[in-house]
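J.: Chain A is already provided as a structure; the job is to place chain G on it using the hints.
As you go down the protein sequences, you meet chains A and G in turn. Position 211 of the first sequence, counted from 1, bears residue number 210 in numbering that gives the first Met the number 0, the numbering being contiguous throughout. Position 140 of the second sequence, counted from 1, bears residue number 139 in numbering that gives the first Met the number 0, the numbering being contiguous throughout.
Watch out, some of these pointers could steer you wrong.
Claimed, not checked - Taking lysine-lysine pairs in the BS3-like style, the calculated list, with each CA pair at most 25 Å apart, reads:
| hint | chain 1 | residue 1 | chain 2 | residue 2 |
| --- | --- | --- | --- | --- |
| 1 | G | Lys-154 | A | Lys-113 |
| 2 | A | Lys-73 | G | Lys-174 |
| 3 | A | Lys-174 | A | Lys-201 |
| 4 | A | Lys-66 | G | Lys-174 |
| 5 | A | Lys-108 | G | Lys-163 |
| 6 | A | Lys-55 | G | Lys-174 |
| 7 | A | Lys-108 | G | Lys-154 |
| 8 | A | Lys-60 | G | Lys-174 |
| 9 | G | Lys-85 | A | Lys-55 |
| 10 | A | Lys-188 | A | Lys-113 |
Keep in mind that the hints were calculated from the coordinates and are not lab data.
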Amino acid sequence: MTPPAVAVKDLTLAYRDTPVLWDIDITIPQGVLLAIVGPNGAGKTTLIKAILGLLKPAAGKVEILGKPYQQQIKKVGYVPQRGTVDWDFPTDALDVVLMGRYGHLGWFKRPGKKDYALALDALDRVGMADFASRQISQLSGGQQQRIFLARALVQDAQIYFMDEPFVGVDAATEKAIVTLLKELRKQGKTVIVVHHDLQTLKEYFDWALLLNVHQIAIGPVEEVITSDNLRKAYGGRSAFFVS
Amino acid sequence: MDYTIFMVMIGSSLVGCVSGALGSFAVLRKQSLLGDAISHAALPGIALAFLITMAKSPMIFMAGAMIAGWIGTMLVMAIVRHTVIKEDAALGMILSVFFGFGLVLLTLIQRLPTANKSGLTHYLFGSAATLLLEDVKAMCLMGVVTLAGLFLFWKEFKLFTFDKDYATALGFPVKRIELILTLLTVTAIVMGLQTVGVILMSAMIIAPAAAARQWTDRLWLMVVLSAVFGAVSGLSGALLSGFVAQLPTGPTIVLIMSAIVLISLLFAPNRGMIWEWFQRRQETKLLRQKLMEKHKS
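For reference, chain A alone in the conformation it holds in the complex (with noise of 0.2 Å):
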């Protein structure tokens, strides 16, 4: 039997005494687009952070393909909210990709001649061969987007974790990040995405995990997003996007 992709059980997080996650309890299966969605504040990417080690849960456990994280790294690849970094660092898009390839060269070593390969190949899939030495200030939000993208891709992982890949991007890279997304299901790979647009759910994922603080439905798309299930996440507020 193949193992869940990712598997979490009874996690619980808190900042002091408030929970931001409640006793979540997920398995995701292998070979999925799954959407994490829910209102501001319902924990998203504070679950994906949790799942990669980022943040100390104060109960629960997470296995990756049947492992702890900290086994399998190198089957994960992540890609962090855009605005995270400082993008006035000095370096170019290349550089940047390379990074991706940090985990596997280990202490020390230098990228090297299969290294360069691989992060031209990966702006190449993102449709960014272009500004592989543009500086990244110099680079818009979505084109931005598209080199943390690329950077991930290079990892060459059996999973992916996007936090809010969409957010403040332009319809070209809306659509290379779809095309992107469907080509890594070909592949077989598994994808975990931090979502907030209801109404292209359905187009762009086949899972959905709906979040509150405590989980509200997981499951395929059609099955989490109900009328009454966005009730009990939402508050009613967003009943009319099921009709």
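T.: Relative to the frame of chain A, chain G by itself:
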């Protein structure tokens, strides 16, 4: 060449070079103030080292400075992690408490009957002219270790500075990387205390890097330029203060460094203020022309 001048030249350019290189990372991490806290925190370490050993040995002073600077840094980190106090306030607190303590100890030492007390006040404003072969040897060793560390951990430092969370997700032990980077920064600062002094040493960390950033968009070039700017101002400042005019070394070096910063801020292509002003004027002109043409047609 005069032996003293030779020592001063080597010592002061080395200080500028190493602090400039390490300073690039401090500036990019937006931790410029940390250098200020470390250098001020080193003063009581120097004074205590003297009080304990009663020897006027730069090696022992540097060890004392290193330990005190390190304790200061760790305290800042602990305050930020465990209390509601923010980093700027924590840095200010540690800086003033340690520096105040250092000044008290220095005053006490001045009152001691022993004749062997001179030299300690040099650590306030720096005095390159007092550098001896022994000092320069110790500084060379520290400089080589620091630059080797920077070279060895280059990839890790870059990744950590640009995107800490991503480094963590890739499995790098970011706490250890931060510790090593901080340790190298402390070493670079302690190395320069005798030449530049505790009060202005932080400028050697911040100023060359700020100037270098203006001229390039590549990290390695920024670090190299920063090291060169630091070395040039260290060298010329020390020579000027020690042999041309009788001035304190630290302030002289810092004034020269400030001139480099000013030129960089004004004239650097792409990022310089004059360049930007000129660009904007050209753009406005073009826009106006286009509008005129549109009105005519």
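J.: Which hints from the list above does the structure break, by number from lowest to highest?
T.: none
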